[in-house]
Amino acid sequence: MSHEAVPARATGLRAVLRKPPLVMVLLAAYVLGTSLLVANTPRSLLLFLLFLASLLLIFAAQVPRWFRGAAALVTLGFLMPLLGLRNGFYLEVATQIGIFVALALGLNIVVGLAGLLDLGYVAFYAVGAYSWAILGSPQLLKTWPGLDHILPLSGWWFFVFLLLAVVLAAVTGVLLGLPVLRLRGDYLAIVTLGFGEVIRVLANNLDKPINLTNGPIGITPITRPAIEPVLWVLRTLGVQASPATVYPVYFYFLVLVIVLLVILVTQRFKDSHIGRAWEAIREDEEAAVAMGVPLVRMKLLAFAAGASFAGAMGVIFASKQYFINPESFTFLESIGVLAMVILGGMGSIPGAILGATTVTILNLQVLKQLSLTLNAWKNAGVTILGYNLANLPPQLEPAKYERMVFGIILILMMIFRPQGIIPSRRRRLELEETHRRATEAAVEAGVV
Amino acid sequence: MGVILACHGVTKRFGGLVALHGVDFQLEEGRIASIIGPNGAGKTTLFNVFTGVYRPEEGSVRFRGHELVGLRPDQITRLGMCRTFQNIRLFGNMTVLENILVGMHSRLHLSTVDVLLRTPRFHQVEAQALARAHDLLGLIGLQGRGDELAKNLPYGDQRRLEIGRALASEPRLLLLDEPTAGMNPAEAQELMAFLRTLRQELGLTILLIEHNMRVVMGISERVTVLDYGQKIAEGSPEEVQRDPRVIEAYLGTRQRLAERPAVG
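These protein sequence lines map, in sequence, to chains A and B.
Just so it is clear: in the first sequence, position 95 is 102 by my numbering, and no numbers are missing.
Just so it is clear: in the second sequence, position 84 is 85 by my numbering, and no numbers are missing.
For reference, chain B alone in the conformation it holds in the complex (with noise of 0.2 Å):
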């Protein structure tokens, strides 16, 4: 399998704080992968280098072939990789249908002309993005609800059309922040079941940030841990469980509470 997202040393400060440390990471195509650490750890600031919404100070991020650090997020998207926010971050007053259009906005090529002209171009391209999004729907297992407003729908669905409006950008990478976050352990399983489903139907490579462990080690081929902006440990689930540097991060030792900041 070939790698499809890689970065090297890649080092992202915010004035004096260093969110991230000269991160290596790799990933290869088709894998479930997580990224795990204790809260602050740069998890989500990673996830934010690689789709653009921060260009890191030093270090480079190659993704199908292509550099992506300077590309502005809408041009990642267009690559082919899509992503979901921490807090559902969805368009409420929009209906649900309409997220999976916004969604699809980089694959329809159409012009200003096309749409003020409503040449026969436009309704066709028109045509095949609502049925697709239609399509869509069943796959999310939202269909007849696709004229709500997103704001109305419950929590569990939220989530679901994100993932949704994530996947209506045809992307090869879909990455996920904290995808079960909120949901109960039943919610858990059935998305974690879904995540697989998406990658034998639709050959996805995934990577989660996640905090629930039961996901994490249930559903990733790969994990890799990160803790003050740098990356302590990389393996398969088992391997990563035991490492003692992971078990310290997490859990914490005498000494290294006493050379911790007393706040944060």
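Same shape as in the complex, but just chain A (with noise of 0.2 Å):
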């Protein structure tokens, strides 16, 4: 295949691209570029987006796996951030779209792989806020004022309340799973559905009899991490920073830790006996049991590992938020996840990811920033068309274009590309088995 000559017809770019170290050139100085656009001018949408993409061709791009390996690492851990103290509202962003990268990937798991439709997923990210926030914070104390030598705990049990969200989330997946185990499709659907309200409806009216989460006005303050340890290891470095300034970033860097982790198990179930076994089920069920695949322990362990990460995102939420009410786990949000599995390419990780990303900065900015430009025009009173704007009626009001924007293009995308923006590709396991097998029957034949 390295031997594979360049076909003469490849001109222009193609026959570019196909030049590794001239490519590595280009990435290297497209994402500089880019960065140093957006420090400079820190308020352009534009040129965010343009430094956005430069991770997407950093994946896209034939360049050598070290290389794109390091030019991730810079752009996430180090650009990013940087870029995120001149601007703070890109690191929020950014923060955002990791935890529904994180909470898409979970959701491709049950419904992209195992192909269980789950519509109230966003209840496993509730009930990871909501464990963290009620004990985090001062909230039962208001029942049990002699508790307060322990509550609110300390920011350091964040990363113990971490792991047991995650538990936590997992067996709600499986209580969740248990009843609706017989279920397929449409029946499965209402089935989570209900779920999702039955979540949310509790979280809101749980401030009777015993007060546990405030009902409808929430919970506040949520303790944040422990952040000694950073301002610790800064202040050895020279620096002195204000917690303020240094939590955007600590979360970022939180948030994109377990994106990564996330990215690790998903990619390691999928290529192994039990994501053949999730696919194998959403497939044909009937003939995957046939086949010997024990049905309850695979969906139950399908739903326990989606939610899991639902769970660990959930605790995070709350403490960046500081405040949590059920309005953040509305059935909408639940649609909101899905809408990015679909969108990114059912059963494809980096689908999924790209999805997450395109849905949520199409919700923060984008669509935002349409808006804004549509009311400065009202505002300005702007003809077009020979049409004032300023006579918009308020029911006309910009504002509302965003979700019917938002969900033209949902439509326009399942009408033209079905299958999302990465649809899920097969690993060619015989190739690689055929190569493995010819590769050891050369050394043999060297060797002997």
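Incorrect hints may have been included.
[Stated by the list, open to error] Between beta-carbon pairs, the in silico distance windows are:
1) 136/B to 201/A: 46 to 52 Å
2) 88/B to 197/A: 26 to 32 Å
3) 9/B to 430/A: 49 to 55 Å
4) 15/B to 154/A: 55 to 61 Å
5) 303/A to 114/B: 18 to 24 Å
6) 182/A to 88/B: 32 to 38 Å
7) 79/A to 142/B: 39 to 45 Å
[To be verified] Under the rule of at most 20 Å between Cα atoms (straight-line distance), these lysine to aspartate or glutamate pairs were calculated in the DMTMM-like manner:
8) 152/B to 291/A
9) 385/A to 409/A
10) 152/B to 340/A
11) 407/A to 340/A
12) 215/A to 204/A
13) 152/B to 293/A
14) 149/A to 99/A
15) 375/A to 340/A
16) 375/A to 409/A
Hints listed in this document are in silico derivations from the structure and should not be mistaken for laboratory results.
Small disclaimer: the values here were computed from a predicted structure and weren't measured.
Yeah, the Cβ is synthetic: ideal placement off N, Cα and C, and Gly gets one too.
Hey, can you piece these two chains together into the complex? The hints should help.
Next comes the structure, spelled out in structure tokens:
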């Protein structure tokens, strides 16, 4: 394959992209160039998007693995937080993207791999968030003032809860899984939808008889993770920084590390007998079980694995937001994550990542920008096609276009690219095996 | 030869319909046997009882010393019985090789920890599985096609892949539900030769449901005839062919036609 001659007709960009050294230089130049531009003009959305696109290029370009890894590391581990210091909003966006990437990857296991349509996924996110919010805040002191020597738990407990929430969400996943094992397709979807609502309604109403969740008012202030070690490291390096400036970067890295872990776990599940069993269940449940796949165990494992990611992210979300209430865990949130998975490509890991990124950026930035621009035009009384925008009735207010445009994008995607942005690609296992055998034979022949 | 599979008095009802009525059946190890019967006679239902898809209301099924009634299909597969389906049921969006690997699921002794930590054991088991799957591809004549999606295979190859997937579970008994359905005579002949090789090389016991009489008579050493959920005849192909009850079941008599309900 490496001996393959470059076809004479491959000209221009294509020919350039076949020469790795050149690609590497171009890529590095692009990444550095866009980050300099963003640093220079921190308010430009377009430049920030161009900078984010560099990550896409890093993974799409044909470059050696070490270069890909190094470039991603520099971009995510160094440039991104640096730009975040210039414009804090970008770091917030990046952190949000990370959270949704983990959620999308979790749901991708349940829906994309195992084919179990879950419309209440955000419930697990809520379980994680509330588990830390209740104990990591003075919430319980309202009922039991005597506990004030323990509660709220300190920031060190945050890390314990990160693990605990994984377990708790996984257990909740199994609890949801057990009664719905026999259900498929639309029936399963309805039950999970109901489950999601039950959790939200519980959060909304568990302020009586014992005030656990503080109802619709929500819980605040939620303890943030212990920052002392980070500050200590910074002090030793001679940097004086206040917690207020460090926390966003801290959360960013926390999310980044967890997302990397989640990607690793998902990848390993997918490339194993467990992942194959999940996909077999998705393709044909009855045939899968006839081939010896233990249906109950595999389905529960899918629910548990998917839920655990959401549980961990829930803890981070609660502590990052400082405040949570049931509004953050609505049905629409579940649908949003589902849209990310479907938009990205069901069952595909890069797809879920890209889907989560795209939808988050659309929601937080592009569509916001659109309505802001339209609003500015309206206020300035710009005339389009002879119609003065200042005369727009309140029913047609620009802010209302956000969801509509998002909906149109979803519809268009499903019509023109139903398999998603990056459809799941199959591993070429036979090729690998044939190749391995050929190499083995060659080695043997060479040795003997 | 010992008995590998035996059922006694198996009765399966669906509401008012008695799909199987007190069926007794025995299969000796190493045999190739067939179950035949008119449409709706209960052949596939019997398969589904054997493989644990249905739980019979009465009767027992014993396989290699284990009672099967009450076991789940995957447990039965683990005990060494695997099947194919009447209408092909491959995992269409997975590759040919992955289909075979799924068939091996019950033979891969790996824990979730092995998978997540990528232990040496994981790599070893996975490499062995891959090598075996590769060999199975050769056995079913699909080498070089392993990375294609199963749904893109031509019909005959899909039938073979389904057998290959079942073989991957290392069965002692292979149940084939109409394996030659939709095949032309040449393909059916080829399949029969393949089944004989399997028996010879792997020492398999094979039980077929078949409509193609040429296949049934050509390959089976023993034929069981079902009609209306009851066993009406059993014996060598020659014996069964001569049995008046079998002829009656297939061709019908004046009297029987009158007895049957108008529809069905």
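key: Pairwise hint evaluation, residue 340/A against residue 152/B, where the allowed Cα distance is 20 Å at most   = Not satisfied, since the Cα-Cα distance of roughly 35 Å exceeds 20 Å.
Satisfaction of hint between residue 409/A and residue 375/A, Cα-Cα up to 20 Å = With a Cα-Cα distance of about 7 Å, the restraint between residue 375/A and residue 409/A holds, given a limit of 20 Å.
ask   = Per the hint of 32 to 38 Å, is the separation of the Cβ atoms of residue 182/A and residue 88/B within bounds?
value = 36 Å, holds
query = Is it true that the C-beta distance of residue 9/B to residue 430/A lies inside 49 to 55 Å, as the hint says?
reply = 51 Å, holds
query = Hey, residue 149/A versus residue 99/A, does the alpha-carbon distance stay inside 20 Å?
reply = Violated, because 32 Å separates the two Cα atoms, which is more than 20 Å.
inquiry  = Hint check: residue 385/A vs residue 409/A, CA-CA at most 20 Å. Holds or violated?
reply    = 16 Å, holds
message = What's the verdict on residue 215/A and residue 204/A, does the C-alpha distance respect the 20 Å limit or exceed it?
response = 18 Å, holds
message = Tell me if the straight-line CA distance from residue 152/B to residue 293/A falls inside 20 Å.
response = 17 Å, holds
query = Does the hinted range 39 to 45 Å hold for residue 79/A and residue 142/B at CB?
reply = Since residue 79/A and residue 142/B have Cβ atoms about 44 Å apart, the given range 39 to 45 Å holds.
key: Consistency of beta-carbon spacing, residue 197/A to residue 88/B, with hint 26 to 32 Å   = 28 Å, holds
ask   = Given the hinted pair residue 407/A and residue 340/A, is their alpha-carbon gap at most 20 Å?
value = 18 Å, holds
message = I want to verify a distance hint. Is the separation of the beta carbons of residue 136/B and residue 201/A within 46 to 52 Å?
response = 48 Å, holds
Violated hints for the displayed structure, listed by number in ascending order: 10, 14.
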